[in-house]
Amino acid sequence: MRIDRLARGIGKGVAVAALLVWSLVPIAFVVTSSFKPGRDIFAVPARYLFAPTLEHYGALWSRWGVFFEGLANSALVTAGAMVVAVVSSTCAGYVYSRHKSRVLGASLLFLIVVRLIPPIVITLPLFPIVNALGINDTHLVLIVLYATFFVSLGTVLMRTFIDQIPRELDEAAAIDGAGRIGILWGVIAPLALPGILAVAVFVVVFAWNEFLFAFVFTGTATKTAPLVVSEMLGSIDGVDWGILFAASTVQLVPVLAFVIVMNRHLVAGLTAGATKG
Amino acid sequence: MPNRRPRDLLPLVAPVHVLILGVIVLPSVYVLWLSLTASSFGKAPVFVWLDNYARILADPAFRSALWNTIVIVVAAVHVELLLGLLLALLFASGLPLRRLLLVCTLAPYAVSEVVAVVAWRYLFDPDAGPVTQALHALGLPVLDWSFEPLHAMMLIALLTIWLHLPFTFVILYAARLAIPAELYEAAKIDGARPFQAFRRVTLPLLGPAIVVALLFRYIFAFRIFSEVWLLTGGGPARTTEVVAVYLYREAFSYNAFGTAAATAWIMVLASLVLALGYVALLRRQVDVDAH
Chain X
1 MRIDRLARGI GKGVAVAALL VWSLVPIAFV VTSSFKPGRD IFAVPARYLF
51 APTLEHYGAL WSRWGVFFEG LANSALVTAG AMVVAVVSST CAGYVYSRHK
101 SRVLGASLLF LIVVRLIPPI VITLPLFPIV NALGINDTHL VLIVLYATFF
151 VSLGTVLMRT FIDQIPRELD EAAAIDGAGR IGILWGVIAP LALPGILAVA
201 VFVVVFAWNE FLFAFVFTGT ATKTAPLVVS EMLGSIDGVD WGILFAASTV
251 QLVPVLAFVI VMNRHLVAGL TAGATKG
Chain G
1 MPNRRPRDLL PLVAPVHVLI LGVIVLPSVY VLWLSLTASS FGKAPVFVWL
51 DNYARILADP AFRSALWNTI VIVVAAVHVE LLLGLLLALL FASGLPLRRL
101 LLVCTLAPYA VSEVVAVVAW RYLFDPDAGP VTQALHALGL PVLDWSFEPL
151 HAMMLIALLT IWLHLPFTFV ILYAARLAIP AELYEAAKID GARPFQAFRR
201 VTLPLLGPAI VVALLFRYIF AFRIFSEVWL LTGGGPARTT EVVAVYLYRE
251 AFSYNAFGTA AATAWIMVLA SLVLALGYVA LLRRQVDVDA H
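Sequence lines, in order, name chains X and G. Everything in the first sequence is counted per my numbering, starting at 1 for the first residue and increasing by one. Everything in the second sequence is counted per my numbering, starting at 1 for the first residue and increasing by one.
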């Protein structure tokens, strides 16, 4: 019996170790290699002890100013998409929570199904339309695209979270003379904050990291950080891995920290989003 | 409720529906029309029925892209499901520092496709990547992914599993936690061995979550683009191209919008067929809510 338990413990330990290696080693290599002297990055045999240096960050700063513009563009687009998605999803989620009818139920299913259309499909017609409207290479295009692909999930999540808020609170506020908008933003939204945060996590992670739409729809003025990193990766005159790792680290660390801080909301959102439809 | 007139609700639901209609629905319908016409820059479109579909289905590059996509979907999604299930069971069996380990497991969710490609291209660099060196040292075969299409596909599959395992794991783990502990106690009292408890209690009760995770991942794996584009660009010699990369090339490299649109609608149909399965599962839920 004790041997049995010991064997179980060792088995679990090995499994946990494998899990940590799998999840963290690729990330750890990117971050640590950004501090490695250039000659150590592809050393054979691989070098795990090295004198840390900031040379790649210096080179990134002096040679890739466009990367820092990309970070600013990413931040702007991410914030914009988050606000649009959160506000529109909260409004719609409130209606879907408080009013039930066949039409509303069908329209919610419609929202869920349509959002499963692959994004690349709509790049075809939107590319000429965006050009014709003269809004190519503006932040607005990415903000609208990123928000749109999360309003369905956002609406479903907000409905699920608002369902848990007693209707008596709406009624009490209405008796006090609050209008619909006052009830929604004064009473419901603060109580539905976990839902709002869950929606925000999804949109922020997606918008900060997205590649395809940024690749098709951005030009010199609005290039986002992932796109600049992909240009470093595809550079014809050889990849400078030190600078590439430094840029990757700068792109990765804020969103990784965000996911770590928000992990409870992410888990709650994933669970409710997939199973509550 | 204060008032129930639908007209008052409209401004609240309108933004979401305007976005979805304007950005997804109408453009998709336009793509359908585009897929039935032959058009190019500067020429008036001509209605050609299903010509574009016939042309791409006869194109060896499309067939190879479709085959590659199906291989990646089938291989990656099922391996991912198996790993996610094992992880969920590992976490449910009780771990010290559970929250910390959970956060570590979620970490790849935060990583962009671009940075993930940077990491995995480096790890598996055919000459000096740390994983390549480790495999050499252990006398194991290495992934020669820049020359061997099959190896490149394996690396793409690994990369996509790595990026999406957190999603599959969370869905399955949440479902596993929702199974009441009494069921396992009852099974134990009835003399069930751990494996029998898994077969008779865990697996059946996880069924719906497994189906949801699978459908979602089929849909999302079928549209795979960035991982392939950034890792191999579809090469060597278009051997690792997937449907989305084929679509992109038709549209933006060759300006062949008709065939690109036909490819797009094949992707839409595949996604919608899978989505119908998902809706069928949700339907009961929504119907129950409506009453």
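Since the hints were made in silico from the structure, they are not lab data. Some clues are possibly wrong.
Stated by the list, open to error - For lysine to aspartate or glutamate, the following DMTMM-like pairs were computed, each having C-alpha atoms within a straight-line distance of at most 25 Å:
1. X/Lys100 x X/Asp163
2. G/Lys188 x X/Asp4
3. X/Lys100 x X/Glu171
4. X/Lys12 x G/Asp8
5. X/Lys100 x X/Glu168
6. X/Lys12 x G/Glu185
7. X/Lys100 x G/Glu185
Hints and how they fare:
1. X/Lys100 x X/Asp163: holds, 11 Å
2. G/Lys188 x X/Asp4: Holds, because 17 Å separates the two Cα atoms, which is no more than 25 Å.
3. X/Lys100 x X/Glu171: holds, 17 Å
4. X/Lys12 x G/Asp8: violated, 57 Å
5. X/Lys100 x X/Glu168: holds, 17 Å
6. X/Lys12 x G/Glu185: Cα-Cα ~22 Å, so holds.
7. X/Lys100 x G/Glu185: violated, 40 Å
Comparing the model with each earlier hint shows violations of hints 4 and 7; every other hint is respected.
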